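Protein sequences, first through last, are from chains Y and F. Number 285 in numbering that gives the first Met the number 0 belongs to position 286 of the first sequence; there are no gaps in the numbering. Number 321 in numbering that gives the first Met the number 0 belongs to position 322 of the second sequence; there are no gaps in the numbering.
Careful, some of the hints might be misleading.
If chains are identical, the list can't say which one is meant, so a pair holds when it fits in one copy or spans any two.
[Said to hold, decoys possible] Once the Cα atoms are required to be at most 25 Å apart in a straight line, the calculated PhoX-like pairs of lysine-lysine come out as:
no., residue 1, residue 2
1, K173, K210
2, K24, K385
3, K367, K190
4, K239, K321
5, K27, K367
These are computed hints drawn from the structure, not numbers from a lab. This one's a predicted model, so the numbers in the text were calculated from it and none came from an experiment.
Protein chains: 2
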Amino acid sequence: MAPEAKRGEERNPFLYSKVVDGLKKLYKKNLQPLEEQYLFHGFHSPLLSEADFESKPTVLLIGQYSTGKTSFIRYILGRDYPGIHVGPEPTTDRFLAVMHGSEDRVVPGSAATIQPDKPFRGLARYGASFLSRFQVSEANCPVLEDFTFIDTPGILSGEKQRIGRNYDFTGVIKWFAERSDLILLLFDAYKLDISDEFQRCIQQLRGHDDKVKVILNKADLVSSQQLMRVYGALMWSLGKVMPVPEVVRVYIGSFWENEYVNQDNAALFDQEREDLFTHLYGLPRDAAVRKINEFVKRARLAKVHACIIGHLKQQMPAMFGKEKAQAKLIEDLRTEFLKIQRQFHIPAGSMPDVEKYQEMLRDYDFRKFQKVNERMIANVDKMLSKNVAALMEELPSSSSLPSSVAQ
Amino acid sequence: MAPEAKRGEERNPFLYSKVVDGLKKLYKKNLQPLEEQYLFHGFHSPLLSEADFESKPTVLLIGQYSTGKTSFIRYILGRDYPGIHVGPEPTTDRFLAVMHGSEDRVVPGSAATIQPDKPFRGLARYGASFLSRFQVSEANCPVLEDFTFIDTPGILSGEKQRIGRNYDFTGVIKWFAERSDLILLLFDAYKLDISDEFQRCIQQLRGHDDKVKVILNKADLVSSQQLMRVYGALMWSLGKVMPVPEVVRVYIGSFWENEYVNQDNAALFDQEREDLFTHLYGLPRDAAVRKINEFVKRARLAKVHACIIGHLKQQMPAMFGKEKAQAKLIEDLRTEFLKIQRQFHIPAGSMPDVEKYQEMLRDYDFRKFQKVNERMIANVDKMLSKNVAALMEELPSSSSLPSSVAQ
Ligand SMILES: Nc1ncnc2c1ncn2[C@@H]1O[C@H](COP(=O)(O)OP(=O)(O)OP(=O)(O)O)[C@@H](O)[C@H]1O
Ligand SMILES: Nc1ncnc2c1ncn2[C@@H]1O[C@H](COP(=O)(O)OP(=O)(O)OP(=O)(O)O)[C@@H](O)[C@H]1O
Ligand SMILES: [Mg+2]
Ligand SMILES: [Mg+2]
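This is chain Y alone, in the form it adopts within the complex (with noise of 0.2 Å):
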């Protein structure tokens, strides 16, 4: 079964685009303004940028050379991307951010850190070394609307790494881990060891355990009975090195185009393809769901710290007294918090935390603050409960919304 038949049946393409372009549009004129106006960065987080809104789930690929990591990708893709190599000796010698582009095209490390609509930035911190080592591969291929890959250099095992790479090896792959949503552990039938720096890598993965699912590649190659030896050292191997108790997800099978070699499985393996796939093109509506669910909770905030700026802006004196109107403000905010909320009808657990506004407000001169801008406040309502909500209903299954965004 091609991945294209699995994608034009159950995948709702672009969804993730969708929704996310959707969001950036309402924040651009709806929230922005609010947070700008209010000053939310200050007491809050800073203006979402470009970045914040352009990174896609990202699916991070690790394994021993040779295990089809790159192959992999262009099975999903259903086409080669800039720059790819695919081979049996060590091949992919970088790591590469295969991306969506609006035409063809390798961007080099160095560069691709100081894009702006690009999320690594923060790759810089790892040295010229590294960036000399890392390419963003840009292909016009609709996958790439609702993802990003991380191909990733083959591990190797006892010296022979260490010689070519000076560059932090399993801190680049932590800084991705990190930040990506679905992260692949590849293995083969005839590569199953795990060596040192392997281990070390899947050591830096603790904490996204839920993350990481396991790929026997290659399964086709091997009979039933070498498949369920290799298979069963696989799992006693992992049991070993990874240090929770849920056992990981292990899909066995082998992906690429080409035909089984092996039928004897072969219901086994389509059937465990599915999973992953359903697993995979499950991700960016989980995501999309995760950017909403942010965006009301940040909205939603704003629009507190907007009444309460406001608010304290209109208890202060006209022309005398101001700064000790502003200290006894700050020191009566208890006070002045539940009269926000009574009078613009927050529910108690939505205002923040009274102490450090009162920390923060210090640094403050409540008279640059804006009033409370009605029509401002009442936008922001409006979006939520009709424009986001409309987001919303473009989700496959709403039901198992978080509550937050459900409600």
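Using the hints provided, position chain F with the ligands relative to the given structure of chain Y.
Below, chain F with the ligands alone, put in the same frame as chain Y:
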């Protein structure tokens, strides 16, 4: 495939019994007189008893309740054994040694520990409450000519088990493990968890890792994909629990007389069973080889020992100065050893440790020693080169015999 078929083809029935009976006769006729005459037991080990010859290749079964331990034994025997209980609830409530007997009967635990022809004397130390939970089931069944099976009560999880048991369960497991040739840990597709007590049992098996094999039973009751999950989960937790790097061999299948419910993996299960049977039916041969090996080593040592004692006796003066002569002989033992070596054509490597003998000889009165008995020694030589060699020929493939035997 019924186990009968398999046994008919490849098994050399009674092989083990034949070899051991042969050795026993040879021992009584040729070696024991020599050992007695030259006080071998005082310098090395006691005379061999009936029980030393009688203990057969032993298979110990351990596992959660209802994983099919008892059914496995019944399957191999091709019949019930006295006192058998099979059922889905915890059924086997005691340790059962299933052994050969001229007729079917049950010997209670305490009685079994005092039978001279049974190797269970050592179990007395586990006390009366254990012995009331131990029995020997004798059955007149051909398989039992070559094997003893130890059926054990199913391991329960949590508190349940401790209530019923007022003896040292893991201690008993350890005792049997030391005396077994094969230790089978049984799991089934629905009972994978390794309880605390089970884990303690597995830890008792440390040092016997080469004897431990695992059975994943009832594998035909689940789908292929479920089986992979189940098997993977088992390997994962075994990897965590077993303290060795080498992957333990797991035999996957259904080990009883019934047809497979799910036929999808029939070929795999058949192969797995064949592998297990090959290993199992290889045990008597391996054990026979080991017995022969030990017997040959013992006979050579006894012969050398007889030469030493006889030689020393012959160096003693006929009348006066015996004590001084004995002291001098002990002091110059290294020189005497060289003489003995030359006189009896003993390879240097086969002479025992001089200092140990010096130590031990001090406790003896050389006057009471016997002279060298050429005929007795010739008998032992002949026994080795003719009779033991003939027993060796009974063994299927002498190419893989240990060198000490094959020479
Ligand atoms: N599912 C598969 N079955 C059999 N062979 C495969 C499969 N996937 C890839 N291969 C072959 O394995 C070799 C390695 O593939 P590939 O270059 O994709 O691996 P890689 O993990 O990216 O290696 P590296 O770490 O060196 O970049 C190639 O010869 C490829 O054709
Ligand atoms: N290979 C098998 N496939 C399916 N069912 C089986 C198989 N072997 C045994 N059973 C069933 O499982 C149940 C438990 O079997 P059995 O009594 O042999 O297990 P046990 O390990 O000896 O249990 P206990 O520890 O309680 O003595 C019985 O109902 C038996 O019929
Ligand atoms: Mg590659
Ligand atoms: Mg039982």
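### Message
For K27 and K367, with the copy left unspecified, which applies at a CA distance of at most 25 Å: within, between, both, or neither?
### Response
within (23 Å within a copy, 111 Å between copies)
### Message
Checking an output row: K173 and K210, CA cutoff 25 Å. Within, between, both or neither?
### Response
within (13 Å within a copy, 41 Å between copies)
### Message
Reference check for the pair K239 and K321, CA-CA at most 25 Å: within, between, both, or neither?
### Response
neither (66 Å within a copy, 68 Å between copies)
### Message
My question is about K367 and K190: at a cut-off of 25 Å on alpha-carbon distance, are they close within one copy, between copies, both, or neither?
### Response
Answer is neither; intra-copy 65 Å and inter-copy 69 Å both fail.
### Message
My question is about K24 and K385: at a cut-off of 25 Å on alpha-carbon distance, are they close within one copy, between copies, both, or neither?
### Response
within (14 Å within a copy, 98 Å between copies)
Violated hints, in rising order: 3, 4; the structure is consistent with all others.
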